[in-house]
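2 protein chains.
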Amino acid sequence: MKADRNAVVIHGGGPTAVLNASLAGVIETCRATPGINRLYGARFGVQGLADGDWVDLSSISSDCLAGIRKAPGSALGSSRRKLDEQSFGPLLDLLKERGVNYLFFTGGNGSMLTAQAIQEFSISRGREVCVIGIPKTVDNDLCVTDHTPGFGSAARFYAHAVRDIGLDNLALPSPVTIVEVIGRNAGWVTGAAALARGYPDDAPHLIYLPERPPTLDQICADIDRVFRRIGRAVVAVCEGLRDPEGNPFGASLDRAGSKQHELARNLGHSLAQAVQAQTGLRVRSEKPGLLGRSCSLAVSDTDAAESYLCGCEAVKAALQGRAGVMVAMRRTQEKLYRVETFLADLSLVAGIERLVPAEWIGPLGNDITSDFLDYVRPLAGEIPRHDRLG
Amino acid sequence: MKADRNAVVIHGGGPTAVLNASLAGVIETCRATPGINRLYGARFGVQGLADGDWVDLSSISSDCLAGIRKAPGSALGSSRRKLDEQSFGPLLDLLKERGVNYLFFTGGNGSMLTAQAIQEFSISRGREVCVIGIPKTVDNDLCVTDHTPGFGSAARFYAHAVRDIGLDNLALPSPVTIVEVIGRNAGWVTGAAALARGYPDDAPHLIYLPERPPTLDQICADIDRVFRRIGRAVVAVCEGLRDPEGNPFGASLDRAGSKQHELARNLGHSLAQAVQAQTGLRVRSEKPGLLGRSCSLAVSDTDAAESYLCGCEAVKAALQGRAGVMVAMRRTQEKLYRVETFLADLSLVAGIERLVPAEWIGPLGNDITSDFLDYVRPLAGEIPRHDRLG
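Protein chains in written order, with numbering that gives the first Met the number 0: chain W, 0 to 389; chain Y, 0 to 389.
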């Protein structure tokens, strides 16, 4: 006999290649427990949550669930909208009306801010709802947790992409190729592109993270040096890279909308034009774009398993009476990669961005360190190098 | 005891994800035959061929060969350079000096033109060298052969990419997304993106091929209609798409270099700006770029096997005394997919572009037909759809 307590699960922000694995973890754990009666899924983020646009996930077939678990994107849908404070009252009324005691909120630090606000509002009304966060972001910029579900697969995609682009470049040499990598203000995924290296002269030859803004002069000098040495240069840059004054590179060349908008669309292209103008070398840019967060072919097994785990652990935490917390991961061993989950107060993660630490960026600001590589390797999984002649 | 006849293999044009499989086929078949003593590989295309920058491929280890066979790019290197006629004499002298009787030339219709010219020049000097072409191009625009090695993997990559981008778009709806697909003047790879469809409302919702140039008005009207019906539109366009007057879309918005150069870099972006300006819908563009021809994760097994086969068959043809021909493929059955190879005169393929036939383009000019799908499906392999809720 199931209890009379219901739950709702919701996604916020951009989807990932493994977000649906967290959803599957929530669904399966809710089903297996007598402590939760019905599990609903809010369609398309907070808007669907507030509007009561929910689907009943209790009766989904096991076959369908197994399929959804492996699909990229978000089976529930997501959104980037925020809830305004006036919505909290009606939302809590709706949750109460539908017998919802548990709210599982998958997202990044922005979503955790919303989750925290709902939790606090609920407490002010006598704690009708327990809110549990489930970490999710390809950007890996959530605090407290060792890493976030979604990151390992994005890292794996870019390691493969830069390796294959590097091989193409080795086959048909083109002086300079700039690869724009996702990550907003955090260089985690960009740094992970270093996993592409198998041979000493392999791409990426230079890596720039927004945590250590380079000048255009520095970038051009670095590229020139690499080009003189090996006749080509493949450069990984984070989409959020700016110069030390905070200005986007070459943005004035092609400014249409707001700076942010233009930057998000065109950093690689604008930087390529600026570098070409200054060095005289031919520079092309590559932007794998949305594939970086959605490529089903590059899913990391570890990432998919951990995404599922975080969904399961969120439900368990709720049943243990926890509230206002997010599931987080930490490594339990030095050498062999193992993680365990724990719970972090939402206040420690909500709205706070975790950047790549300075000591994991190379001294010249154009590469990452071996500590960064050791950190990311087990998350992305093995990226075997390809053989070469001789 | 090996004969005193040597061979050289050379690649021309852009690499593919399976080009090295053809190389492996050539190497293994040369090794297995007593009719060929040494096999050389010319580094970086015709320039390396003419300069005598060759590597001896006879002694490469089996392990290394097995690894190279699976690597994207080109282990030998390639180039887009052409040989001028004055180079033919010295080249033939060099081939004679090094005892080369067989020249295996992997490439597209441009490379076959060079291969034919070398063959004819050689005949004018008493036929010192037999030239055998091995088909290779992601664009699939070679005549006579049913399809070309490299195409199936590019088709598979874009089917996966458009499917995953479509799922991302379904999860976090964005009004219009234009995906730019490789293919120069031929819409083969762009049309293959239709393999991404699993459900009736799946991406790509519209497909435009250069063989049937649309007006901007038509594209905007089509997008508007799709958007009104399902609230979003994912559009696949070939990088070589132009309007009926032959002008690139929106090129005047962002013209820097030559038209061709700018077009090759920015069609998706320029078209997105033009459509956004005309429809008022928010339009983003995606350009997977070089990954389309180099992604090792999306290699089609059939494509890799056929690429290898074409390399083997080229050597066999040479040993049978054939010259001035290219290995081609044809289907041997109506229902079950099987191919056999045959030899086509270089004159039938050299410099000639094969476009998508008019009857394989939908009546409205914004999609492909089921015959096109039946043609491409076995080449790209199965693209399983992902499950959805409900």
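Among the clues, some could well be false.
Said to hold, decoys possible - Label-pair ranges, simulated between beta-carbon atoms: (1) Y:P172 to W:D373: 53 to 59 angstroms; (2) Y:G230 to W:R126: 45 to 51 angstroms; (3) W:P356 to Y:Q46: 25 to 31 angstroms; (4) W:G88 to Y:D200: 49 to 55 angstroms; (5) W:A276 to Y:R124: 28 to 34 angstroms; (6) W:R80 to Y:S60: 57 to 63 angstroms; (7) Y:P172 to W:P356: 55 to 61 angstroms; (8) Y:S369 to W:L372: 45 to 51 angstroms; (9) Y:S369 to W:R80: 53 to 59 angstroms; (10) Y:Q46 to W:G109: 49 to 55 angstroms; (11) Y:E358 to W:F226: 58 to 64 angstroms; (12) Y:P172 to W:A276: 55 to 61 angstroms; (13) Y:E119 to W:P172: 26 to 32 angstroms; (14) W:R387 to Y:K95: 54 to 60 angstroms.
Just so you know, the hints here were simulated from the structure itself, not pulled from any lab data. Computed from a predicted model, the values in this text were never measured in an experiment. Glycine included, every Cβ here is placed at the ideal spot set by N, Cα and C.
Hint check for G109 (chain W) and Q46 (chain Y) - Cβ pair distance inside 49 to 55 angstroms: Distance hint for Q46 (chain Y), G109 (chain W) holds at roughly 53 angstroms.
C-beta pair E358 (chain Y), F226 (chain W): status relative to the range 58 to 64 angstroms that was hinted: violated (49 angstroms)
Outcome for the supplied range 55 to 61 angstroms, where the beta carbon pair is P172 (chain Y) and P356 (chain W): violated (36 angstroms)
CB-CB spacing for K95 (chain Y) and R387 (chain W) relative to the 54 to 60 angstroms hint: Given range 54 to 60 angstroms: violated, Cβ gap about 30 angstroms.
Consistency of beta-carbon spacing, P172 (chain W) to E119 (chain Y), with hint 26 to 32 angstroms: Given range 26 to 32 angstroms: holds, Cβ gap about 30 angstroms.
Outcome for the supplied range 53 to 59 angstroms, where the beta carbon pair is S369 (chain Y) and R80 (chain W): Given range 53 to 59 angstroms: violated, Cβ gap about 40 angstroms.
Range hint compliance [Cβ, P172 (chain Y) to D373 (chain W), 53 to 59 angstroms]: Distance hint for P172 (chain Y), D373 (chain W) is violated at roughly 39 angstroms.
Cβ distance range 49 to 55 angstroms for G88 (chain W) and D200 (chain Y), holds or violated: Given range 49 to 55 angstroms: violated, Cβ gap about 36 angstroms.
Cβ separation of G230 (chain Y) and R126 (chain W), checked against the hinted range 45 to 51 angstroms: violated (38 angstroms)
Range hint compliance [Cβ, S369 (chain Y) to L372 (chain W), 45 to 51 angstroms]: With Cβ atoms ~48 angstroms apart, the hint holds.
Hint check for Q46 (chain Y) and P356 (chain W) - Cβ pair distance inside 25 to 31 angstroms: This hint is violated: roughly 46 angstroms between Cβ atoms.
Cβ distance range 57 to 63 angstroms for R80 (chain W) and S60 (chain Y), holds or violated: Holds: the Cβ-Cβ distance is about 58 angstroms, inside 57 to 63 angstroms.
Hint compliance for this structure: hints 1, 2, 3, 4, 5, 7, 9, 11, 12 and 14 are not met, and every other hint is.
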